[in-house]
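*Asks:* Sequence:
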Amino acid sequence: MEKTKLSWYTMIVTFLAGIGSFGLIALLGSSIDSNGILHEPFFLSPMGYFFLLISLISGLIHLYQRNH
1 MEKTKLSWYT MIVTFLAGIG SFGLIALLGS SIDSNGILHE PFFLSPMGYF FLLISLISGL
61 IHLYQRNH
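For the sequence shown, the positions run 1 to 68 when the UniProt record's numbering is used.
One thing to keep in mind: the hints can contain errors.
Unchecked claim - SDA-like mimics (lysine to any residue), calculated; alpha carbons at most 20 Å apart, straight line:
1. LYS5 with GLN65
2. LYS5 with HIS62
3. LYS5 with LEU63
4. LYS5 with LEU60
5. LYS5 with PRO46
6. LYS5 with HIS68
Stated by the list, open to error - What follows is a set of in silico ranges between Cβ atoms, one per label pair, in the way DEER data are often shown:
7. HIS68 with GLY29: 39 to 47 Å
8. PRO46 with TRP8: 19 to 27 Å
9. LEU60 with SER30: 29 to 37 Å
Calculated directly from the structure, the hints in this document are not laboratory data. Beta carbons are placed, not taken as given, at the ideal position from N, Cα and C, and that holds for glycine.
Please build the complete structure, drawing on both the sequences and the hints.
*Replies:* Shown next, in the form of structure tokens:
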């Protein structure tokens with residue numbers, strides 16, 4: 001029972017972190033300074049996809065453990 005709770009909490013936390021990463025990308029935006037250099041929070045994009053992937057894997061583990 002504890003393993004299913006852990007995978008459930010992991011799924012929720014990583015899903016919210018992934019959505020939060022994409023929300024921050026939209027909130028912060030990107031800009032070009034006077035020298036023509038692009039400033040954007042690029043590191044948040046792969047982190048968001050990583051968190052969503054971990055959330056998906058954790059959700060599948062949760063479903064598997066719940067059914068067996």
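*Asks:* Quick check: which numbered hints come out false for this structure?
*Replies:* The structure breaks only hint 5.
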